[in-house]
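A.B. asks: Here is how the chains run, residue by residue.
Number of protein chains: 2
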Amino acid sequence: MKRLKALKQLAFEKKDFDAFLVTNGANLLYFAGFPGTACILIPKKGKSTIYVYNVNYEQSKAEAKGFKVDLVKRGEDLATKISKKVKASKTKKIGLDAITGVPVVADYLKLRKALRGIAKIKIDNEPVRTLRKVKDEEELELMRKAGELTTEGMKAAYETIKPGVREYEVAAEIEYAMRKKGSWGTAFETIVASGVRSAFPHGGCTDRKIRKGDLVVVDIGATYQYYCSDMTRTIAAGKPSAKQKKIYEIVKLAQEKAYQAVKPKAKAKGIDAIARKLIKNAGYDKHYVHGLGHGVGLEVHEPPTLNPTSKDRLAVGNVVTIEPGIYIVDFGGIRIEDTVLVQKHKGEKLTKGPYTLETKP
Amino acid sequence: MKRLKALKQLAFEKKDFDAFLVTNGANLLYFAGFPGTACILIPKKGKSTIYVYNVNYEQSKAEAKGFKVDLVKRGEDLATKISKKVKASKTKKIGLDAITGVPVVADYLKLRKALRGIAKIKIDNEPVRTLRKVKDEEELELMRKAGELTTEGMKAAYETIKPGVREYEVAAEIEYAMRKKGSWGTAFETIVASGVRSAFPHGGCTDRKIRKGDLVVVDIGATYQYYCSDMTRTIAAGKPSAKQKKIYEIVKLAQEKAYQAVKPKAKAKGIDAIARKLIKNAGYDKHYVHGLGHGVGLEVHEPPTLNPTSKDRLAVGNVVTIEPGIYIVDFGGIRIEDTVLVQKHKGEKLTKGPYTLETKP
Chain A
1 MKRLKALKQL AFEKKDFDAF LVTNGANLLY FAGFPGTACI LIPKKGKSTI
51 YVYNVNYEQS KAEAKGFKVD LVKRGEDLAT KISKKVKASK TKKIGLDAIT
101 GVPVVADYLK LRKALRGIAK IKIDNEPVRT LRKVKDEEEL ELMRKAGELT
151 TEGMKAAYET IKPGVREYEV AAEIEYAMRK KGSWGTAFET IVASGVRSAF
201 PHGGCTDRKI RKGDLVVVDI GATYQYYCSD MTRTIAAGKP SAKQKKIYEI
251 VKLAQEKAYQ AVKPKAKAKG IDAIARKLIK NAGYDKHYVH GLGHGVGLEV
301 HEPPTLNPTS KDRLAVGNVV TIEPGIYIVD FGGIRIEDTV LVQKHKGEKL
351 TKGPYTLETK P
Chain B
1001 MKRLKALKQL AFEKKDFDAF LVTNGANLLY FAGFPGTACI LIPKKGKSTI
1051 YVYNVNYEQS KAEAKGFKVD LVKRGEDLAT KISKKVKASK TKKIGLDAIT
1101 GVPVVADYLK LRKALRGIAK IKIDNEPVRT LRKVKDEEEL ELMRKAGELT
1151 TEGMKAAYET IKPGVREYEV AAEIEYAMRK KGSWGTAFET IVASGVRSAF
1201 PHGGCTDRKI RKGDLVVVDI GATYQYYCSD MTRTIAAGKP SAKQKKIYEI
1251 VKLAQEKAYQ AVKPKAKAKG IDAIARKLIK NAGYDKHYVH GLGHGVGLEV
1301 HEPPTLNPTS KDRLAVGNVV TIEPGIYIVD FGGIRIEDTV LVQKHKGEKL
1351 TKGPYTLETK P
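Taken in sequence, the protein lines are chains A and B. Counting from 1, position 71 in the first sequence corresponds to residue 71 in this note's numbering; the numbering is continuous, with no gaps. Counting from 1, position 329 in the second sequence corresponds to residue 1329 in this note's numbering; the numbering is continuous, with no gaps.
Next comes chain A alone, as it looks inside the complex (with noise of 0.2 Å):
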């Protein structure tokens, strides 16, 4: 309810629509609490409705404290049904969420034809973007959890790892230890990349064997009640080259300059170049083919961004991965991140593991 009332205040004091409708997953998560409704009427004034068809109507019931819950039945329009409930309350102008993926063209089309002469519609992804950047005590004590979870994850990756285990045996392992510690899943697909495909960023994880001599490019993310959380380590199959610990140092050193750089109010861009200048000056500036990091919170990819063309600026409560790599065709990848949330005066790590290319620190 907090969260609806700040969202209230963004979308109709600070800007002038007499309605919004939420529609994208991890919104309907913020503001519900729970999966499974098709969208959320948020009137200026009295209860705001969600939308639901029958499969989650029961659980609406159950678990949507303070919302009126309106099944969309078989056969119904839900663009229809929202177009009434906007004619008989004079709504005239309504904000739309749209921060990633959702609400589909199709669906949009129909909703502005189902709305027209009645109310204008405007894709508006600020207010819901504006506070889902900053997370409240509640959102980090979940992300914390998360971050442990992940961090157990790690530990067993490095206990694992070794030439002759394949890449989802990795991963099996990975995985079942953060579950048994109370992990709801993973925020994206494990990567367990190695050898040649640990210079691909996204190498995904295969059934390849790990040979002696490779690099294992390790990204995992633990959820804890749909809370995300994103780590990577780098770790050698047996001792690793000289050329191997050459470049891990380069990577180290620029993802510790740019955390310690973490502080409220620095530019994203900022603590990008920071990273990205001192793998430049290490000669390996084409190597380095992303941005230095992403907001994370329910979704695994949100706001604010942390590349060279950023606009965002950091601020206390906001959680995000700090991720440098080097990427080199044919003789493997470097990568190391932390999610680190902005806290008054520095940066947090919520993921915590050590910083070394070998298995036996």
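For the record, the hints were derived by calculation from the structure and aren't laboratory data. It should be emphasised that the depicted structure is a prediction, and the values quoted were computed from it without experimental measurement. Treat the hints with care, since some could be wrong.
Below are the PhoX-like pairs computed for lysine-lysine, each with C-alpha atoms no more than 25 Å apart in a straight line [stated by the list, open to error]:
(1) B:LYS1269 <-> A:LYS209
(2) B:LYS1181 <-> B:LYS1269
(3) B:LYS1181 <-> A:LYS110
(4) B:LYS1346 <-> B:LYS1252
(5) B:LYS1346 <-> A:LYS122
From the derived model, a few chain B residues whose C-beta atoms are all more than 12 Å from chain A [stated by the list, open to error]:
(6) GLU1013
(7) LYS1061
(8) LEU1078
(9) THR1130
(10) GLU1141
(11) ALA1193
(12) LYS1280
Note that beta-carbon positions come from the ideal geometry of N, C-alpha and C, so glycine has one too.
Based on the hints, put chain B in the right spot on chain A.
C.D. replies: The following block gives chain B in isolation, referenced to the frame of chain A:
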């Protein structure tokens, strides 16, 4: 390439598009064979182009066989880039896929704007949908494997569920069993919903301790090389009650009878009706709150759909779930589900496992 050829036939010979733009994640996987492409532009004549950001560029070059790979540089706008290419090639009518979720409204509107005065763009999900509904041999091999892995996971559920064990501990054993045998991950968040939560079809998986007398709905799916599977069994913790047994037998019969009706040309809504009628005759129709099933493939929910309003007819190569359920608030829920391939004369179950409430069959 075989798939691209088939799409060209549907989009350029049966319809009068002169280019087709693929943007949906699963569709991109279907044509490109690896994740991380931003979109594919398929011209009527000549090579198709994969657009890719820097982070996935090297992987694309290594894995995108038969495509032109075009790098979208930092700061470059994809919509503008596409519109330039379209202009140069004198393309006038572009089809755009949109099976689920993607493209997002903002991207679509941007693209439409960039193409103004150059070409018309029309959302048409039919061509790719038509292709993806019918699985080829290569896809079926992966789906069979995903089904086997899911069956392994369900074995672990039967072995783990007993009073005192937490829901997420059951999920841990299930996912570990699937992973150890080679699963790439889960097709959706594993559901282990016990007691009152079993009455919610999407009851999730929490830290609730399973109690004696609980019904536990276990809904799981392994993935294998991006292909999904989907399977549900309901298991009683301890000796099942007479009422639990009675309702179980109704759901089991409904599932079996619907499965037996699976064959090419059968109306999807007709198969739904078989299970629905059986449940209605037993007096539980109010408690059967969802459709009978859905297609499975690269996505866990895709066409065709089996419900009372479906217009689909089954065809050889379709893969669908058959999953009736009865959900009674404060009593619990029972659902039984298999993933079924439509063969020449009948259905073939890709998920196998006991139809019993009891943990020691």
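A.B. asks: Against each hint, give a clear statement of whether it holds in the structure.
C.D. replies: Hints, verified against the model:
no., hint, in the structure
1, B:LYS1269 <-> A:LYS209, "violated (46 Å)"
2, B:LYS1181 <-> B:LYS1269, "violated (36 Å)"
3, B:LYS1181 <-> A:LYS110, "violated (45 Å)"
4, B:LYS1346 <-> B:LYS1252, "holds (19 Å)"
5, B:LYS1346 <-> A:LYS122, "violated (49 Å)"
6, GLU1013, "holds (25 Å)"
7, LYS1061, "violated (9 Å)"
8, LEU1078, "holds (14 Å)"
9, THR1130, "holds (17 Å)"
10, GLU1141, "holds (14 Å)"
11, ALA1193, "violated (10 Å)"
12, LYS1280, "holds (14 Å)"
Violated hints, listed in ascending order, are 1, 2, 3, 5, 7, 11; each of the other numbered hints is respected by the structure.
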